[in-house]
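Chains as they are written, first to last, in numbering that gives the first Met the number 0: chain A, 0 to 268; chain B, 0 to 268.
Honestly, I wouldn't trust all of these hints.
To be verified - Derived list of chain A stretches under chain B, where covered just means 3 residues or more per stretch with a C-beta under 8 angstroms from a C-beta of chain B:
id: 1; stretch: 61-72
id: 2; stretch: 113-119
id: 3; stretch: 127-136
id: 4; stretch: 156-168
These aren't lab readings, by the way, just hints derived from the structure by calculation. Everything numeric in this text was worked out from a predicted model, so none of it was measured. Idealized CB from N, CA, C, for every residue including glycine.
There are 2 protein chains.
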Amino acid sequence: MARSTSGESVLTRTMRILRAFGTVSGSLTVSEISRRADLPVATAHRLVGELVELGALEREPDKRVRIGYQLWEVASRSSPARDLSRTALPYMEDLQVAVREHTQIGVLEGTDVLYLERLSARDAGRNVAEIAGRLPVHATSTGLVLLAHSPPELQERVLGGELREHTRHTVTDPVRLRRLLAAVRRDGYVIASRMIDPAAVGLAAPVRDRENRVVAALSVVVPFLSDAGPQAHVPVLVAAARGISRAMGARISGEDMIHTRGHAPRPSA
Amino acid sequence: MARSTSGESVLTRTMRILRAFGTVSGSLTVSEISRRADLPVATAHRLVGELVELGALEREPDKRVRIGYQLWEVASRSSPARDLSRTALPYMEDLQVAVREHTQIGVLEGTDVLYLERLSARDAGRNVAEIAGRLPVHATSTGLVLLAHSPPELQERVLGGELREHTRHTVTDPVRLRRLLAAVRRDGYVIASRMIDPAAVGLAAPVRDRENRVVAALSVVVPFLSDAGPQAHVPVLVAAARGISRAMGARISGEDMIHTRGHAPRPSA
Numbered sequence: 000m001a002r003s004t005s006g007e008s009v010l011t012r013t014m015r016i017l018r019a020f021g022t023v024s025g026s027l028t029v030s031e032i033s034r035r036a037d038l039p040v041a042t043a044h045r046l047v048g049e050l051v052e053l054g055a056l057e058r059e060p061d062k063r064v065r066i067g068y069q070l071w072e073v074a075s076r077s078s079p080a081r082d083l084s085r086t087a088l089p090y091m092e093d094l095q096v097a098v099r100e101h102t103q104i105g106v107l108e109g110t111d112v113l114y115l116e117r118l119s120a121r122d123a124g125r126n127v128a129e130i131a132g133r134l135p136v137h138a139t140s141t142g143l144v145l146l147a148h149s150p151p152e153l154q155e156r157v158l159g160g161e162l163r164e165h166t167r168h169t170v171t172d173p174v175r176l177r178r179l180l181a182a183v184r185r186d187g188y189v190i191a192s193r194m195i196d197p198a199a200v201g202l203a204a205p206v207r208d209r210e211n212r213v214v215a216a217l218s219v220v221v222p223f224l225s226d227a228g229p230q231a232h233v234p235v236l237v238a239a240a241r242g243i244s245r246a247m248g249a250r251i252s253g254e255d256m257i258h259t260r261g262h263a264p265r266p267s268a
Numbered sequence: 000m001a002r003s004t005s006g007e008s009v010l011t012r013t014m015r016i017l018r019a020f021g022t023v024s025g026s027l028t029v030s031e032i033s034r035r036a037d038l039p040v041a042t043a044h045r046l047v048g049e050l051v052e053l054g055a056l057e058r059e060p061d062k063r064v065r066i067g068y069q070l071w072e073v074a075s076r077s078s079p080a081r082d083l084s085r086t087a088l089p090y091m092e093d094l095q096v097a098v099r100e101h102t103q104i105g106v107l108e109g110t111d112v113l114y115l116e117r118l119s120a121r122d123a124g125r126n127v128a129e130i131a132g133r134l135p136v137h138a139t140s141t142g143l144v145l146l147a148h149s150p151p152e153l154q155e156r157v158l159g160g161e162l163r164e165h166t167r168h169t170v171t172d173p174v175r176l177r178r179l180l181a182a183v184r185r186d187g188y189v190i191a192s193r194m195i196d197p198a199a200v201g202l203a204a205p206v207r208d209r210e211n212r213v214v215a216a217l218s219v220v221v222p223f224l225s226d227a228g229p230q231a232h233v234p235v236l237v238a239a240a241r242g243i244s245r246a247m248g249a250r251i252s253g254e255d256m257i258h259t260r261g262h263a264p265r266p267s268a
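Isolated chain A (complex conformation) (with noise of 0.2 angstroms):
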């Protein structure tokens, strides 16, 4: 393999170039690319070059370098992100039609949510979530419903870190958001009140694998009114959850089923 002067492979290099397109929507030049990737311009220039002709990277019209169709049709099509996406979007079209906000599904990628799909209405409130981006597992219905489940050393890694505190509404007591996760798990769903966004809730249920492994969250997203109007859309979002794991060959229960008689959760008191 070959090393720069620093040891570091050809491919390190290469994905500190692809991932210097991670925080921005749109082109960069190769000076930028060299400086968020931080590597020499010349090599930056190099290798950038050479992904253009291999149709990883696309120059635009003025010089300016983006992510090519290529690699995103590489990168989309057997990605296990696609296969989730091709099953979830027809339950998630029919939630989004009760709905009428925004309607998402995302995995756990390290301890971050990485949001995977979305539908959104043309006069929708606001939503932080975007495809392909990420947010903290703690602030987020998404979150929350994937650290429920994830394996308990990711959630004392979780609850042992910094839990930033993004609204006054945030989680960010270990204790409580312990308490919070178990009760996630109990009830099949949770309601993430203004816990990101001052103006928005979101409420989230698992997805689960044909080994009913919770392998994603779907998610719908609509504005804060009152504390009372999220909670209808609860069995339409368990639903629809439901009906994602069902067509990922999940065995579905009884036992799985929502409880919303007598302990209605509190997550944002």
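Using the hints, position chain B against chain A.
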């Protein structure tokens, strides 16, 4: 740049590995990758190992390898595919509510249509197009719109190349195809009846960017039932394509209005 004895760079071999996933939806063993990418097993093994370490590929519990979420994430986040999808999705959703079959958007990649996004009703009819999948331009409604608005050189290349007959309705005669493309430009939409699938009819309209260039085509796919049926979807399809174009900054004028009076196009006649 490190080159193998065959003179190929690391990146060339890596793209060959990534493209090996292109025709499957799912995972591959290292020996399958080596065969598909036409690389020695040792080379495939070493590069796959490094790509797994970098998060570009992921190894499943059974040791099979698949595209990693991280590669999908970097490829999706700043891809032109995402910009287009993000702008188009709300309009696609409105269109989908009206049509309740399949709604999709595609771009020209080489001489193929590459589909970026698709919404499908759960009980929708058959549709051969897939997200991140390719289909030939001459046999699909999306492709005919893109080809009609592509540079003359590309049109000549397609017209002079092999025009495969997918069904007996595929237009394989260059003279008829040229006439059809002129009709697409004149009418502002196309109805491709049973050209790639004898059970399906595609309808497509152009999507323009701020320079008024046709950068994508929006389409709906409905089951073939009668010749009269699909025409009913033209107004809502064209309105949605114009909506996306407007959202992308195109200057939409009355000139680009559809013309349905007087000359009903008969592409499948």
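The hints, checked one at a time:
no.	hint	result
1	61-72	holds (count 8)
2	113-119	holds (count 4)
3	127-136	holds (count 5)
4	156-168	violated (count 0)
Hint 4 from the earlier list is the only one contradicted by this structure; the remaining hints agree with it.
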